[in-house]
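Engineer: The lines below spell out each chain.
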Amino acid sequence: MKKSSYIISLLFLIAIFGAGIYNMRRIAPVILNNYRSNQDYKTDLTNNIENDYRQNFVKRSKFIEGYGIVQKAMQRRILGNVEFIRENDDMMNATGRVAFSDMFISEMSALKQILDEKDIPLLYVQMPVRESYDSSVSMELNNTQDNFLRYAECIKDMGISAVVGNDLLEGDGAPSFEEFYFKTDIHPTTKGEIWVANKIAEKLDEEFGVEITGLIQENDSRFIKLEHEFEGNLIKSLGKYFVGTDVFEEYIPNEQPQYDIKNFCSGYDETGRYEDVIMRGMQNGIYDNGTYLVTNYLRYGVPYYNINNLDSDGPNLMIICDSFSYRTISYLSLQCSNITVVDPRFYGQGEGNPIIDAINQYEYDCVIYIHGEMGITTYSMFEN
Amino acid sequence: MVFSSPIFIFAFLPVTLAGYYILHRWRILQNIWLVIVSLMFYAWGEPKNVLLMIASIIFNYIFGLLVDKYRDKKSAVRVILALMVITNIGVLFVYKYLGFACSILGIKPSFGTIALPIGISFYTFQAISYVIDVYKERGEAQKNPLNVALYIAFFPQLIAGPIVRYQTIAEEIRNRRETFADFSYGVERFIVGLTKKIFFANSFASIVDFLFQRVPSLSFGSAWIGAICYTLQIYYDFSGYSDMAIGLGRMFGFKFVENFDYPYISRSVSEFWRRWHISLSSWFRDYVYIPLGGSRVKTKARLVFNLFVVWSLTGIWHGANWTFILWGIGYFVVLTFEKLTELPQRLKKLPGKIIYQIFTIICVIFGWVIFRADSLQQAKLYMSHMFAVGCKGIDTLALFLLKDMWLLLILGVVMATPIMKKLAAHIRDSRYNILYDIVHVVVYMGLFLVDICYMVNSSYNPFIYFNF
Numbered sequence: 001m002k003k004s005s006y007i008i009s010l011l012f013l014i015a016i017f018g019a020g021i022y023n024m025r026r027i028a029p030v031i032l033n034n035y036r037s038n039q040d041y042k043t044d045l046t047n048n049i050e051n052d053y054r055q056n057f058v059k060r061s062k063f064i065e066g067y068g069i070v071q072k073a074m075q076r077r078i079l080g081n082v083e084f085i086r087e088n089d090d091m092m093n094a095t096g097r098v099a100f101s102d103m104f105i106s107e108m109s110a111l112k113q114i115l116d117e118k119d120i121p122l123l124y125v126q127m128p129v130r131e132s133y134d135s136s137v138s139m140e141l142n143n144t145q146d147n148f149l150r151y152a153e154c155i156k157d158m159g160i161s162a163v164v165g166n167d168l169l170e171g172d173g174a175p176s177f178e179e180f181y182f183k184t185d186i187h188p189t190t191k192g193e194i195w196v197a198n199k200i201a202e203k204l205d206e207e208f209g210v211e212i213t214g215l216i217q218e219n220d221s222r223f224i225k226l227e228h229e230f231e232g233n234l235i236k237s238l239g240k241y242f243v244g245t246d247v248f249e250e251y252i253p254n255e256q257p258q259y260d261i262k263n264f265c266s267g268y269d270e271t272g273r274y275e276d277v278i279m280r281g282m283q284n285g286i287y288d289n290g291t292y293l294v295t296n297y298l299r300y301g302v303p304y305y306n307i308n309n310l311d312s313d314g315p316n317l318m319i320i321c322d323s324f325s326y327r328t329i330s331y332l333s334l335q336c337s338n339i340t341v342v343d344p345r346f347y348g349q350g351e352g353n354p355i356i357d358a359i360n361q362y363e364y365d366c367v368i369y370i371h372g373e374m375g376i377t378t379y380s381m382f383e384n
Numbered sequence: 385m386v387f388s389s390p391i392f393i394f395a396f397l398p399v400t401l402a403g404y405y406i407l408h409r410w411r412i413l414q415n416i417w418l419v420i421v422s423l424m425f426y427a428w429g430e431p432k433n434v435l436l437m438i439a440s441i442i443f444n445y446i447f448g449l450l451v452d453k454y455r456d457k458k459s460a461v462r463v464i465l466a467l468m469v470i471t472n473i474g475v476l477f478v479y480k481y482l483g484f485a486c487s488i489l490g491i492k493p494s495f496g497t498i499a500l501p502i503g504i505s506f507y508t509f510q511a512i513s514y515v516i517d518v519y520k521e522r523g524e525a526q527k528n529p530l531n532v533a534l535y536i537a538f539f540p541q542l543i544a545g546p547i548v549r550y551q552t553i554a555e556e557i558r559n560r561r562e563t564f565a566d567f568s569y570g571v572e573r574f575i576v577g578l579t580k581k582i583f584f585a586n587s588f589a590s591i592v593d594f595l596f597q598r599v600p601s602l603s604f605g606s607a608w609i610g611a612i613c614y615t616l617q618i619y620y621d622f623s624g625y626s627d628m629a630i631g632l633g634r635m636f637g638f639k640f641v642e643n644f645d646y647p648y649i650s651r652s653v654s655e656f657w658r659r660w661h662i663s664l665s666s667w668f669r670d671y672v673y674i675p676l677g678g679s680r681v682k683t684k685a686r687l688v689f690n691l692f693v694v695w696s697l698t699g700i701w702h703g704a705n706w707t708f709i710l711w712g713i714g715y716f717v718v719l720t721f722e723k724l725t726e727l728p729q730r731l732k733k734l735p736g737k738i739i740y741q742i743f744t745i746i747c748v749i750f751g752w753v754i755f756r757a758d759s760l761q762q763a764k765l766y767m768s769h770m771f772a773v774g775c776k777g778i779d780t781l782a783l784f785l786l787k788d789m790w791l792l793l794i795l796g797v798v799m800a801t802p803i804m805k806k807l808a809a810h811i812r813d814s815r816y817n818i819l820y821d822i823v824h825v826v827v828y829m830g831l832f833l834v835d836i837c838y839m840v841n842s843s844y845n846p847f848i849y850f851n852f
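Protein chains in written order, with our numbering: chain A, 1 to 384; chain B, 385 to 852.
Incorrect hints may appear among the rest.
What the hints assert, rightly or not - Here are some of the chain A residues that sit facing chain B, going by a computed Cβ distance under 10 Å:
1. A15
2. G20
3. M24
4. I27
5. V30
6. L32
7. F63
8. Y67
9. A73
10. L79
Stated by the list, open to error - Distance condition first, Cα-Cα at most 27 Å in a straight line; then the derived DSSO-like pairs of lysine-lysine:
11. K72/A - K787/B
12. K3/A - K806/B
13. K203/A - K112/A
14. K183/A - K199/A
15. K639/B - K684/B
16. K639/B - K2/A
Unchecked claim - Label-pair ranges, simulated between beta-carbon atoms:
17. E202/A - T497/B: 57 to 63 Å
18. Y35/A - I674/B: 49 to 55 Å
19. M767/B - E202/A: 53 to 59 Å
20. E202/A - T780/B: 46 to 52 Å
21. M103/A - M767/B: 37 to 43 Å
22. L32/A - G830/B: 33 to 39 Å
23. Y35/A - D821/B: 32 to 38 Å
Hints were generated in silico from the structure; no laboratory data involved.
Glycine residues also receive a C-beta, built at the ideal position from the N, C-alpha and C atoms.
Please put together the full structure from these sequences, using the hints given.
Structural biologist: Put into structure tokens, the structure is as follows:
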């Protein structure tokens, strides 16, 4: 036996005993705590323990970065369990085919009818398709491109006003595709969302005479701009060395209006400044690359709520959307008197039909459907 | 619990090793410790079925004693052996094949679906081996049931083999010698196996799963990529597990038989089966084929019959599905052809040899497609795409997969041959052996580090042979 073999086994023993003892001291309290506090934990005890052990492994994020480095060295572009794809331009994308939803079409038609009866205009905004940029394989895996085109055609046939897909990225100062989306996250960048907010305002004015003035612009001097290194949800299991990181920009207004936010599900009211109630407080916390800043805006997980800007006499809007436009809504809210946010993905927590109830209760200047990703179309707008 | 999980490597293994070597002065206590941790290892994933395994240990222990006691009374011993086989195979049948049998007969069972206990096919075969080896006097009957428990339930080989014959480790159960050299060898084998599993098998597995989920839309190119990836996945998955099992055995002083010997370099299908899952094929050879008369029979019809029995059983051993039966019968056809024509032996010249080697690997690849398919219909459709029937030639997905996986595929193919082993031996024995020592340590510890990165990151860790 070579001496090197003995060295290998010694190093192996040091590694498994060293990391074993260190992990045990660190993870045992987590497991015990979960065991005591969570009844469901016991139903699949061994799997839960294994998951906790893996999730809380010492220096896990460093090992994940190591994994990303190996994947990069291997020139892999299909990652995880075929969950992620690295595009030609290093933009990350997610796979997972979502079928075209006939329900969405019929519900949009029904929504238009309800709004027509009340003489409330409807605007459909479709985000650019993420795989439209030099990525035939993700198109093949996801088929979002074709489905989004079909949706746009259906919307047009229904006579609904629309800003569709890549048209959104046209105009002076429009962000390029790479500027519109984070490369490491499924969501649009702050620049992208500011652009969408302005496009919506422009369209509302053009088509319906609904005026939103003084909207935020990029590098707006009325705002404090913060920049953070950001690792999005498409590289959480790959680490920053795989694709790199993004910059997440946050804009905090110098003069912050007062808000009253009413959560229809819990009946809970919150009042406070933009920074206190529209933003979620992450800007005041300790950042690391794992802080998921996308969720620093509005109410993730809440199906419908009112954002009442007490210092604005701007328009009254309802916006049906998913998390692709939470920052867009945050910026619009600075110049609107009221915005009812409906996120059908989180229905099931309340009673009644949130959209119809709200339309009957508030006199909206316009209802806007922001179509961020295919997934949202599988959730009914009307069935709670 | 799987070997390639952080909790096994950083919690279970150190505790087991520490307990074992603390008790190094007392062999009995060491064996008891190994039985306890083995039962815990099994109970971790299968808390209910551990009772079934304990029952299997108890009744095979009793059968072993009875066979030993009545070995001079032929009729009595035959009855005992028949009872032993009926009991073991009966349990296996109930848990593994009853549902399938009912579906063939069109019966809707009132008991619903019976969950397959992990590793039942492996430990049942080991249990049968124990009693038969006692009968054949290849090893003595254990008076201490804990020793039988250790033989059947020893955690390294419990879940997915190798199927360790009783005769192989009968002596080691009581008298074995642990050395640091053996331990070091065990560590190296374990790291090699872990890398095969984590780095290769899991990487291929995700692509294979993805492609087999979309069989109707596969192109000719994608179908071949999927088939080749599965061919590599199953090799790295199973041989990786065997390496880890052999390595762990060595850490505790046990020397298990080799289970793989670079099967994809075989020059005939017969040779492939001498190199693939050696412990299973030799088990069937020694406990089924040879007792039936083997190849030393008077007629060719009898030889064909013997081969048919063995390969049908081999197929169905892998699972209760027509795909496994067809897979086994496919091998019966090819192996019968090879036995009757002796074509591989007759091909002396190079072109013929190479052509037959290519034929062999193509047979193996098609075999794995049948093996992997969920149904015969899926297998048929998949293979039709491999013949470019009713599908596109090479689509963007195939090109993308090739671009994505070329390095992994090349490494996968190279590492499935003895090239690296020979190269390492060559360097070790050359004047550069000082360099070899450094590289040796760096490579093994580097691989271990990469394995940890993969393990800690993902819970995607399927073991193909756990299903059997």
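Engineer: Can you list which hints this structure breaks, lowest number first?
Structural biologist: As far as the earlier hints go, 5, 6, 15, 20, 23 are violated by this structure, in ascending order.
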